Structure formats: C-alpha cells, structure tokens
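Following the hints, complete the assembly by docking chains C, P and S onto the known chain U.
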Amino acid sequence: MEEQQQFEPKIIGFTCNWCSYRAADLAGISRTKYPPNVRLIRLMCSGRLDPTFVFKAFSSGADGVLISGCHPGDCHYVDQNYKTMRRFALMEKMLVQMGFEQGRIKLVWASAGEGLQFAEAVTGMVETVRKLGPLDWHIRGQSNGHLTKELLLKEDVV
Amino acid sequence: MSANSKPKFAMYWGASCGGCEVAVLNTHEKILDIDANFDVVFWPVAMDAKYKDVEAMEDESILVTFYNGGIRTSENEHLAKLLRRKSKILVAFGSCASEGCIPGLANLYSKNELFNTVYAQRDGCSTVNPENIRPQQNWDAPEGSIQIPEFYSILRPINQVVDVDYYLPGCPPESERIAEVVDLVIQVIRGEAALPPKGSVIGAGASTVCDECKRSRNVKTIKKFVRIQDFMPDPSMCLLEQGIVCNGPATRSGCGALCPSAGAVCIGCYGVAEGVIDYGARMLSAVSSVIDSRNEKEIEKIIEGIPDPAGMFYRFSLASSLLGASKSAWHDKE
Amino acid sequence: MIEPRIGVYVCHCGTNIAGVVDVAEVSKWASEHLKGRGVVISRDYKFMCSSLGQELIEKDIKEYRLNRVVVAACSPHLHEATFRTATKSAGLNPYLTEMVSIREQDSWVHTDKIAATNKAKAMISGGVERVRYHEPLEPLHVPIHPATLVVGGGIAGIQAVLELADAGQKVYLVEREPSIGGHMAQFDKTFPTLDCSACILTPKMVSVGKHPNVELFTWSEVTNVEGYVGNFTVNIHKKARFVKEDICTGCSICQEKCPKKVIDDVFEAGLGYRKAVYTPFAQAIPNYPVIDKENCTYFQKGTCRACEKLCPTKAIDFTQEDQDISIQVGNIILATGYDLFDSRRIPQYGYARLANVFTSLEFERLSNSAGPTGGKVVLRDGVTEPKTVGIVHCVGSRDKNYNNYCSAICCMQSLKFAHLVEERTGAEVYNFYIDIRTPAKDYDEFYQRVLEEGTIFIRGKVAEVTDAARMAGEEGKIIIQVEDTLMGKQRRIPVDMVILSAGLEPRRDAKAVAKLFGISCSSAGWVIEKHPKLDPIATMTDGIFIAGCMQGPKDIPASVAQGAAAAARVLGRIQQKEIALEPIRATVNETQCSGCRICNNMCPYNAILFHEDRAVSEVNPALCQGCGTCIAACPAGAISGTGFSNEQVMAQIEGLLLLNLEAEPA
Amino acid sequence: MKYGYYPGCSLERNAAAYNVSTMAIAEPLGIEFNEIDDWNCCGATEYTSIDLLAAYALIARNLALAEQLPDNGKLVAPCSACFLNLTKVAHQLEEEETLADKVNLALAEGKLHYTPGSIQVYHLLEVIFNDVGLDNLAKKVVKPLKGLRIAPYYGCMIVRPGYQRTFDNPEHPTSLDSIMNALGAFVVDFPMKANCCGGHMTQISQPVALEMLRRLLKNAADYRADIIVTLCPMCQLNLDAYQENVNAYFKTDYHIPTLYFTQLIGIAMGIPAEQLGIGKELVDARPALAKIGIEVPSEESVPEKKKHPKESLPMPTMSKED
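Protein chains in written order, with the working numbering: chain U, 896 to 1053; chain C, 4 to 337; chain P, 812 to 1477; chain S, 84 to 405.
Excised from the complex, chain U in its bound form:
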C-alpha cells in the first residue's frame, strides 16, 4: 500500500558519451543498484546540452532533470564541459525565477570510473525530487500547445 502511494518522480538524465554515460555503464557492470526513476539520454558531450532540451523535458512531464559530464579539466573535447558549467549556472538562476525549486535540476560530474558516485548522485536526486513532489508542468502547460490531454492519458499504459 505504502509503495503505491509513494510518488515516483520521472527524471530525465543527460550524459556525455565519454565519461558519465560510461559511468552509468560501469554502475551496470558492477551491479550497483539505484532507483529506476531516471531515464538517460546520451549526447556526445555535456556541451551539446541545449537548455531547450531541459525546458522540453520539464514541459513534457519530467519532474527533474539530471545533467552530467566529465569532470572539469577532464573533458574528452578538451574543455567543453566548462561551457556546460556556465550555461547551467544561468539556466538554474532562470528556472528559480520561474518558480522551480532548487534540486529539480542538478549538474553532476562523473568520470568513466565513477559508476558508484553516479549511482549515488542518481539516488540522491530521486530522493530530493520525491520530496519536492510532482511538477506536472505538462498538465499545467497543456494549453500552451505542446501536447494534449489525450496523450497524457496514454501514460496509463505504463
């Protein structure tokens, strides 16, 4: 009963191809457990992360967004993750202005070797967002043309 009532947040995670995605791979290979709430999208580099993707995720029903890349200084594209660092700072500032709680969006550096740390970061974030509760931006925002109620109802299939 308890479990059923517990809110299960949906979190979209963006990883770079070289460090954080491999960290996720490593977490798998070493069978490190973490909650199933995060669904990952692979980009070549965290520098590819367009804020549009983040806003899209929120407006399409995500309760949180995780962004992760190589550690600063270890970027496989030399220094692109510094751009991610800059964008994240401004993006977070704006989201707070739009009424987002701290913690709905998180930046995590994970090297290819840090499977455990990656899993811990995910677990931590899921807990935070679970406490914050549903964002439901897509339901609020459905009238602004991005999707329709019918589609939302389709979620019942899962």
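Some hints here could point you the wrong way.
[Unchecked claim] Simulated pairs of lysine-lysine, PhoX-like, Cα-Cα distance not exceeding 20 Å: (1) S:229 / S:374; (2) C:330 / U:988; (3) C:227 / U:988; (4) P:1288 / P:1211.
Simulated from the structure, these hints should not be mistaken for laboratory data.
Values in this document were obtained by computation on a predicted structure and should not be read as measured data.
Same frame as chain U, now just chains C, P and S:
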C-alpha cells in the same frame, strides 16, 4: 456596409497596446492601397462596427484578418475564434499575437499577484483604492446584472487558441514590412504571386538582427555584464562584445537593426529565428557560453550582472516558450 | 520524412536482461502500443548479438521492408558497431540503427521487476521516437599526408621514428634539448638485464641521426598546430644554436676552451658541470654543440668569443637567429616523457638540506661511468665512499599528500641501485619499501638476486631522514627513522648516503602541450588515452598518438613497445591513404547564420572559421569532432548536427516520457 | 588588528616573561588584545583523556566567554597547549552537534552558551606570521639579531595537523624560521624543531623526559645554536629548568638559553631587555645576547651561571652552511 466586390479586410486588437494599429497607419500612402484594394469590414480602432455584424457575416467571407494582441480574456478568445471562422487568411499580426510579447511577461506572476499590483493601494503605488475593490466578473446592479469578460490566469499567443495562417512579427512590425505584405496580398489577388506556405513568417528576414547590424564583430568572451545605462559603449563595436546583453544574435531579422544602430540593445521584438523552438533557451545558452571563466564562484559572480534572466531573454516570447509561464501563474489555473 | 517502418529487437542477454525485465511483455507492448509510431515488427531473442540474432534482424529488414531498427540490449559502447554492421549487410544505412541499453541502465541496476519492465518500455519508446529522425549517414573520408611528426627524442620517440623511417616514410623528430636520447641516455645500467644503457641506446640514436627519411630538429619546440587528421600544419620553433651545423665537425675544441663553467641541471641532474657552449654528452646526436645565451660571456658581457677564435672550421656564428619552420604531416606521435618528482617537496626527507641525500636521477649520474665521478659511488664531497646506503622507495608516489599513483619503475630502479652500490662499494644497503612490485619478465628474479647479494629490506614508509644524532653510532651519520611493519617497531638506521627513489610526474607543461595538440590530460596530468585498455596509444583527437611516459609511468620496454605500436598504427593509416571518420558533425546553415560569431571560440579544435567577406561562420567537417557544443550555443539555431540533432533528442525526450503513444506519425 | 586574548595559567606564573614580552610587542606591531574576563584553565594536556565531557565543557566555557568579546570571533592563545585544546574543542563542537548540545547544557548552569563555529582560535605565532606579516615585522627591526645563531623550536603541539586550520607544514614547519630570519638572526636548520620536549613526563618519568630533552639540547649544540627560541611555556620550562638535570643525569655540559620568540622580536625592535622579561630564564641568556651587544642588567633574582665554553660540538662536515 458596402456591397462592393472588393475582397474584405479586417483588423482586430486583443491584449495589445494599439501600437500595431499605429504601425499600419504609419504606412502612409500605403493605407490608401488598402482602401483601394480592400473593403474594410471590421477595424474597431479605425471605424465603428459591432461584433454582431461580424457574427452575421458568412464564414470565410473575409479574405484577410490582421489579429494583433494575445489572448488574455474570454473576449479576446471569442473574437479570435470568431474571426478565424469568418476569415480565409488569419495573420497573427505583431509580437503579441505571435508570441505574447510584453503582456506575456505577466505570465511570470499569478492573477492574484497581478491584481495586487494593479488594484491594491500600497506605498509607492499611485492606485487610490481604500476599500480595496476588485473587478467582479458578474455584478448584480438594480438595473440588472453586468458581466465583464473573464481574465485568464495566463496570456496565450493566438496560435494556442486558433489555427493561424501567417505570422507577422515585430513590436510593432516595421511599416515597410507591413507595406510589403500588403503588396504581396494585392499581388496574390491579382494572380501575380502565390501565397507562401501556411504557417510561415512573413514580413521578416531569414537570418537574425546581427545580419543587418553594422557594428563590427569579433570573437566573443565576456568577463563582466554591464547595463547600457551604466556605461558608454563604443559606437562602432558589437554591444554584446562590450558586455551589454543584446538580443540581436537570437532575434529574427527584418527591423533593419534599428536599435543597435541607434546605440541601444536589441530587445528581441522580432522573435525567434527560423526553426527555433524556444527563444530564451537560445539566448541564455549563447550568452552564458561566452562567459570568460572556468571557476564556478567567478561564473556566479559574472552572472550577477544579469539580475533578471527571464525578463531579459523572454521579454517578448515567454507566453510562447516551452515553459510558457511561471509556476505560480500555472498554479492559478488549478 | 518517409514513412518510418521500424523493427524493435529486445535481447534477453541470457538471463542478464530477461532475469529482471519481462522481455516478452516489453516486445509485445512495443508492437501494440508503438504501432502508431511506425513499429512494424517487434521481437525478443535470447542473444541478439549472436550471428543468429543478427540474421534475424537482416531477414526482417528485407521481409518487412524495415527502414529503421531499434535494438534494446546492452550498452551501445559494446555492440553498436555489431548491429550497425548487421543493418548494413541487409542493405540499410548503418546509421539508421538505434541501441537502447536495457542491460547496463536497467536490468543490472534495478531489482523491482515491474519497475524495470516499465522503464524498458519507456526507454524503447524513446529509442523509437529518436530513430524516426535518424538520417542515413556516410563516413567522411580524408586523405592522409604520408609524413609524420614525432615530438620527443627519448627512447619511445626514437623507436617510433625508426619504425616509420625504416618503413620508408618521412618523419620529423622535434626535441627540446640539444640532443636526443632522453632520460635513458642519463642512465648507466638498465634493469633487470643490467646492460649498459648507452651501449643499447646510442646505436639507435646514431641511426636516427643519419637516416635519410628522418629530419631532426633538436633545440626546437612545436609552437603551433593547425589542421586535422591526415593534414596537420605544424610550426616548429628552432632556437639559434650559434653553431653552423653544416660546417661544425663536433671536434669539441670550443667546449674545452670555453671559460664559462655552468652547473648542468638537465643532463647531469645538477650533479656535474658543462660549459656555456656544450653538447650534453659525448655521444650526443646531433653532436655539434649549442651556445647557451644566458651563460655565454660574450652574450652577457660582449667580450670573449674564445670559441669563435679557436674553432678550426669557423663554425661559430653569433649572428644566428631563431627560425620558425612550417611542416605538413598526416599524423603526430607525442612522446614527451616525464619529469622527476621534486624531492624538496618532502622536506622531512632532507633533500637539499642534507648533503648526502641524493635523488634517483642524481644517483644515475653518480653511477654512470661517463658521469661526473666516472661511475665512482661517493658522497657529495666527491671522495668518500659510503659504508652504508639507504634507498627510500615511493618518494612522492603512493602518497595522498603528493601523488596517489604508483610510479611503476621505482622498485626495479631501487633494486638496480642496491646492486650497483653493492657492486661498486661493497657498502651495506638498506631498501625501505611499502611493497615490492616486480611484475614484468625477469623482474622478480632480479629481486631474488639482490636479496641474495645481501641487501637488507625494511618494510615501512620512512618517517624522517635527519642528521639529528641521538645515540652512539649516529654521530655524523644520516639517520633514517622508519616503522618496520614486519617487526612492528620503530627503527633508526644510520647511513652515510640516502637515495630517494623519486616518482615520475607529468611534464610541468603537460597541460599546455595537451592544449596545443587538442588532447586532454587527467587531473593527475597524464594524457588521457582513447581507451585505457584497448587503445592506450591513441587519443580522442584523430591523428594524435601517444607513446611512453607521457601516457603514464612505465619502464623502457613498455615505452619502446608503445613507440613501435604508435608507429604501426600510423603506418596503417598511411597505407590506407585515407581515413574514414564518424559522420557525427556540425554544419552551419549559411542563410540563417548572421555572423554574430558567438560560436567562433566554442571549438577547441578550431574547426569553426569565420568568413569576413560573407560574414558567416563555417564548420570544417574534417576538423569537427562532433561534440555539438557550438550547436547548443548558436543563438540563431543556424548550426545543426548529424547523429544527435535537435529533432532526435526532442523526440527521445517525448518518447522517454511516453507521450505520443499510438498517435499517428506527425 | 583586534583579537580576543587567552593567556592561560602558565603565562601568569612560570611563563610571565612570555606574557610581558607579548604585551610589549603587541602595541608597536598594531595588535590589540582584549583579554577574556574570568577565563579558566584549559585543562592542560591531560584532562581531556580523563573526563572528555567535563574537559570540553571546561574549555568551552572560555570559548563562550570569548564569544561575548567584540573581537570578530578571533581568539589568540600564546600557549601551545591552550591553543591546541581551544582549537580542538572549537572544532569538535562544530563537527558533533550532540556533543555541542551536552556541553551547552553544562554551560547553561553558568548562564553561558557557545554557538559552534563562532570562534576561530589562533596561536600567537600564526598571528605574527600571517596577520602582521614578515615585511611589516622587518620594518620594525632597529636592532637586527645579526650574528646570533638560533635554533627555532616549535614543539609538538602547534604543528599537529590543524583542527580549524593548518597554517604551517606539520612535518617541517618554517614560519618561526622565517620570522627569525626577518629579525636578522642566523637560523640553523634545527632537525628536532618539531619533536616533543617531554611535556609533563618530567613529573611522570624523569629518565624518559630527560632523554627527550637531551636530544633537543644535543642537536641544538651540534648546530652551535646560541639560543633555542620557543613559543610554548611547556617547552621553555622543560628546556630551561631541566637543563641542569640533563647535564647531571648524562654528564653533559649544555648551557643553551631558551627564550620566547616574542622576547627576541622585542629585542630586535629595540625594546629594553628588562621590559621583555629577559633575565627571568634560569639558563642565563646574557652571554648569548652579549654576543650581539645586548646589555642586560643583572638582577639578584637571576642566579649566577658559570659561563659556558665557546666551543660546542663541531658541525658535521658538508653541512649546508659550509
């Protein structure tokens, strides 16, 4: 109402300031072409007409309707739907209709916060309203009950309410661009030109304001953001390079880069560039990418130079952005 | 967009996936609920990656006229290539495949079967939405310039140079010092075989020096690198030698006559002297000297010119100036080596405070028959032979205050020192070690041999090296304070000489060099290889290869092996004449580009060039590595990228969040 | 520069000279001390190992009192033991909430309360090295200690890896060295600079304590040090008061005066020796000071010492300064 055979033309204002109408009048002699080629059937700012007259018209009997202003009230929505039904071609005219514009910035706040700002009598506020009276949608007066339109909790661009054929951006659209569009429609009527594909942006360029900006540009690295009132920019050099956040790089061309050439930043009234989904995301990403620091603390510091990112990057497009409105504004709806 | 016809393939991976995820259910769900999204067929199979599994996909592609494939199995890093090949052999463009990692990201990390099954569905839905926007891509082909640049004339670089040159290819070798040879040239003996370092190195140096295919730039540095794999333009800064290379015979009279004596911090590790005009050592290649401006009396005071007067061939030329030479190469091999850990950073070990504390490199020179003492192992006074010598292992290595890593060579080096001291002085030798690490061929045998020679081994990290005598027998000695962890007690060992087996560190300028060549260093400073196990000699930047200690601490055999391996890789490239690159690239739509130049400094590979004339930016596809940072930065949305386009990512987001289910294709 | 000041017991008795000299140099160096009103003993080195909570409460009382001072939470202790205790407790209370609560419960009895994190404890050495700075110090030198060979002795307590901050290398500290250099003295590379002086071992097992002291004295002598300079009352007491015992026990003949670094700073600043408490030491410092022409009027209180021979043990050859 004249029974002549000229194609019918209508223009209406929703949640807007009236600047769009002025822009149309600003086309000078062009206005005569409109009169010569069209039978103006409905244009509240220019001539007397009643909603019932419009309702009485046959569907699609109006060839072109310029609808400016966004949807803030039930009246705006009703007229948008009505004119859509009555018109062959519905043009979202100006920034408000296309993307929400300044009225859309109100989407950062809840209805309640807005009403407090407007009606509450507070220090530093000129409102005189000792009994703290608020507008009531329905009011039963002895003479009978009065209704005023519902004030929606968020403002929407018209394409979120009705199907739009074309978008004519700008706050307001430059008169030259309007004139061009009018010419185009006239040519189409005469069979000298074909209509552009449905949904396209008309009366604007394919690139962004920088394309029309004469200022010299270089590789960009920004160590400090300054506000134009705090500093005397180099007149010939790109403003963004000087740390002043100019929206030119993300804003559709068409205005002729008027503001930058006059020494003011582009505030983005011509809206998103072709194919861009979210204006603010583009500007935010671009501006932050060129911050010249690798240290989180320092980056925070530099970003303090942008105290109001939402206002700065969504000044015109908040209502049409992916997030559309702030959480508190959405909250009102539930 | 042509009507997508998608095949979904759910792998059991034995029980790896099927044990947690209800694969049959997932496959059934996909065929029912994603029909509207273009899924024509959905299957689950025991091992998708097996030849049978692949055939299954190929058969379906033909039979159902599939134009997209989604494989839900393991990580794309494992089998993306496999399934692309399968798709290709069925006549479909390989890039129309998408992999969904329901093993590493689902079955292996979750326990709740229902949740895991639902997540698999969501992930597949994401893959399906994404694959709808995949485009057929063709790998880019770029021609390979046959010449190669090798940076660093140590043993790794020398090996690479010879492999390439002997195979008949043009090689440029750039060395910062006046002579090639590197650290190996400073050693006397090499472990475990104890053959004379010079005897095995100098022949190789000589053949580099006179090889018709080798162009040697010593006293030179690379200052600029432009271009991309197959076609680099490199600028070499050649410092003035003030010696006419064509005339000089290397008779070394100038060195004898030069009045200015200088402590040689480089080759002699500060333990010996050289002149202001010098060749670092007798067998130097090239063997004509350089004049070091900072110390030359003529350059400093304007008088002297002794060398000029006395040079029999009039080869001295004070008017010589630095040169910049530009070369074209197809590939670059970096072998810039290591720096020795500076033992001053551990003051309690007494180096530079106590005269008779030596670093390993100092001892190499001390024991070198061509060194300042002619190979006599003596104290700093230059005469006294030590009666007892303490060798401290792991100095600056395996220590969280300095470097966490093991420097790999110190154990064997220390054993070698122990043997040499024993052999040359008969002194009593103590080794202070944490662990003895002798993992390579014949290494442990050498350890046994040194044990038998009577060297004493004390297991424990040295706490302090001090001259503070406390009890009888310590007077005038250096005392090594250590906890003997085998005895379980504190010990004080008085010795005459201490050798600090200092660890290896990345070159001081490693980060700058990495930036110059567009590669990256780990936080420790060693260059990051393409894959630590499967591709240790390549880097993330195509056409840039690494060899030797630049990639991490290693001994001579390993460095030689890497040098040869890097050369072999380059030769393969040269033979192909052209190279295929992953077609993940960014492109600028020139009509939309307004030339705002925000993207211009987004690219660490300088792939974005700005055309002043047309005021638009352009991405050079061969330089572009496909990271996509410029795409995300473009305010006008004028830059788009293959493989990871906005459409693909946005669609995947909707898919993952299970929107659009059963909706008719847009 | 304003600081709260915690002298500690010894500076009232055996280390009075330390207190006097500290006060003497404070003003000209621009340091303003504000002594804690009604401070209590820090429990010295033993108490914490007898009853932790009581010991912590005892020390925390001083922190609580210091918190009431208007000195931006900076508290200075010249005694190394006091410093160590205060900084340790200040740190622990910050780390362990429950401990802090218990301690505050105790303090409440005395109507006191300590807010964890509100006090940063500094040793006097740190203040002079970092806050005053070598340049400013050098500017104040009117009588350089040229020709004086000094063995800088830090003792074992302030060099321990920091609780609140680590301000010098724990293995091989150099701050006192550079201060003495700034005064113009010749600083020998004293190898025992961070070893223990024996502390209260003198009361528990003299042979052990004396051996530890002998090592210090021997190596100071080996380096031909004229003076051992210290910054800890315990070290000074042991080296000074027990030097005779060492000589008696080991049949040695060491006569190396031990002064506080504040005393030497004072001398270099031209402050008259008697205003610096010089002459209070048992191993007479006058011969050493006379070397650089510092006259110290003899007091009856100062027991006559027999002059010690110029030639101490020779330096080993090849040592740095040769």
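Cross-check of the supplied hints:
1. S:229 / S:374: holds (9 Å)
2. C:330 / U:988: holds (15 Å)
3. C:227 / U:988: holds (17 Å)
4. P:1288 / P:1211: violated (30 Å)
Hint check: a violation occurs at hint 4 only; the rest are consistent with the structure.
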